[in-house]
Amino acid sequence: MEEFESDEEILQFAIGRETSSYQFYTDLAQEMENPMMKLLFENFAKEELRHKAMLELELMKRGLVVPEPVDTDDLDQTDVMVAIDPETGVDYKNALVLAINKEEKSFRLYIELAAMVKDKNSRETLLSLAQDEAKHELQFEIEYGAVTKGK
Amino acid sequence: MEEFKGDEDILKFAIEREKQANRFYVALAKRVADDEMREVFEVLAGDEVEHKAKLELEVMKTGRVVVSQKDAKRFDPYPLGDTESMLHMDFKSALAIAIDKENGSFRLYADWFATARDEQQREILLSLAQEEAKHKARLEIEYEMLIKNQ
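Protein chains in written order, with my numbering: chain A, 1 to 151; chain B, 1001 to 1150.
Treat the hints with care, as some may be off.
[Stated by the list, open to error] If you anchor each label on the Cβ, the simulated ranges turn out as follows:
#1 A:Met60 - B:Thr1115: 42 to 48 Å
#2 A:Glu33 - B:Ile1147: 41 to 47 Å
#3 B:Glu1119 - A:Ser128: 22 to 28 Å
#4 B:Ala1027 - A:Glu31: 31 to 37 Å
#5 B:Ala1027 - A:Ser6: 21 to 27 Å
#6 B:Thr1115 - A:Glu5: 35 to 41 Å
#7 A:Asn34 - B:Lys1061: 34 to 40 Å
#8 A:Arg62 - B:Lys1061: 24 to 30 Å
#9 B:Met1060 - A:Lys46: 29 to 35 Å
[Stated by the list, open to error] Short derived list, chain A residues pointing at chain B, Cβ under 10 Å:
#10 Glu5
#11 Glu8
#12 Met60
#13 Leu64
#14 Val65
#15 Glu104
#16 Met116
#17 Asp119
#18 Lys120
#19 Arg123
#20 Gln139
#21 Tyr144
#22 Gly145
#23 Val147
[Unchecked claim] A few chain B positions that, by computed beta-carbon distances, are all more than 12 Å from chain A:
#24 Arg1031
#25 Asp1090
#26 Gln1130
#27 Lys1136
#28 Glu1140
#29 Ile1141
These are calculated hints, taken from the structure and not from any lab test. Idealized CB from N, CA, C, for every residue including glycine.
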């Protein structure tokens, strides 16, 4: 787990994470040919943008300017992100598995960040985001169950 | 979490809380007419039993015997409320109460995680927090569907 020196650093890290998640779902949406499947991932991409806005608000409450997006490639995220293979692409079922794994890791990350942050309001925001990610994971699991049951 | 006198105290408290949650879902499952909904509550009731077993294992790892903490409510930062009276509510209200209960349980484990130092224990708390968060999400989905169909 990354070492942080302040609450601001934690929030900035989380903002970078949400930016990556937004990109992840946007990429998955682009991989889908079926409009309903595309829409599902587009909606989740929007959710991650909403999370990013919540985190940015926490920074703004402190009188800080929202920074340029963190280059998440510079962060140690090997345990929190999953990647789409650009060569082979991804089918819907595998996309759902990737999404489930991603949401599980996001949940863990937010619980860990909430344990580190000192400000009560920021902690509340991070815990609320953790719950959102758990809900996303469940929604993907339900969808995965429906897809595999139908086959 | 300063109300607790160490991990053992928290463990006993959490075990009692899981028992209450199990009783709540078992009673709710008996009340509902819809088969699918009954199954949801039965699964949730079963999950709470599994949570209790995980916590009891943690107690046993310390070489202690698992005993009930009857005065658990005294310490509760996220009270579960009076389960008996909740069961006489209409279904929508019962669902709303269940969502609150799961939120409280999630917060309890997340708070505890923040103070726990033992790596294995942290993993268990994280997994319990996640399951409670998913229970809450499951109930929210049912609640939203109920509102939509009204």
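(request) Could you check the hint for me, namely that Thr1115 (chain B) and Glu5 (chain A) are 35 to 41 Å apart, CB to CB? (result) Violated: the Cβ-Cβ distance is about 21 Å, outside 35 to 41 Å.
(message) Less than 10 Å between beta-carbons is the criterion; does Lys120 (chain A) satisfy it with respect to chain B?
(response) Violated, because the Cβ-Cβ distance from Lys120 (chain A) to chain B comes to roughly 12 Å (cut-off 10 Å).
(message) Minimum C-beta separation from Ile1141 (chain B) to chain A exceeding 12 Å: can you confirm that?
(response) violated (8 Å)
(request) Take the C-beta atom of Arg62 (chain A) and the C-beta atom of Lys1061 (chain B), compute their distance, and say whether it sits inside 24 to 30 Å. (result) violated (42 Å)
(message) Min Cβ distance, Val65 (chain A) to chain B: is it shorter than 10 Å?
(response) violated (29 Å)
(request) For the hint on Arg123 (chain A), just tell me whether its beta-carbon gets within less than 10 Å of chain B. (result) holds (8 Å)
(message) Quick check on a hinted range of 31 to 37 Å for Ala1027 (chain B) and Glu31 (chain A), using CB atoms only.
(response) Violated: the Cβ-Cβ distance is about 46 Å, outside 31 to 37 Å.
(message) Does the closest beta carbon of chain B sit nearer than 10 Å to the beta carbon of Glu104 (chain A)?
(response) holds (8 Å)
(request) Against chain B, run the beta carbon of Met60 (chain A) and see if the smallest gap drops under 10 Å. (result) violated (25 Å)
(request) Using 10 Å as the Cβ threshold, decide whether Met116 (chain A) counts as touching chain B. (result) Hint holds; Met116 (chain A) Cβ to chain B Cβ min 8 Å, cut 10 Å.
(message) Does Glu1140 (chain B) clear chain A by more than 12 Å, comparing its Cβ with all Cβ atoms of that chain?
(response) The assertion about Glu1140 (chain B) is violated, with a minimum of 7 Å to chain A.
(message) Verify the CB-CB distance for Met1060 (chain B) and Lys46 (chain A) against the hinted window 29 to 35 Å.
(response) For Lys46 (chain A) against Met1060 (chain B), whose Cβ atoms are near 46 Å apart, the range 29 to 35 Å is violated.
When each numbered hint is compared with the structure, violations occur for hints 1, 2, 4, 5, 6, 7, 8, 9, 10, 11, 12, 13, 14, 17, 18, 21, 22, 23, 26, 27, 28, 29.
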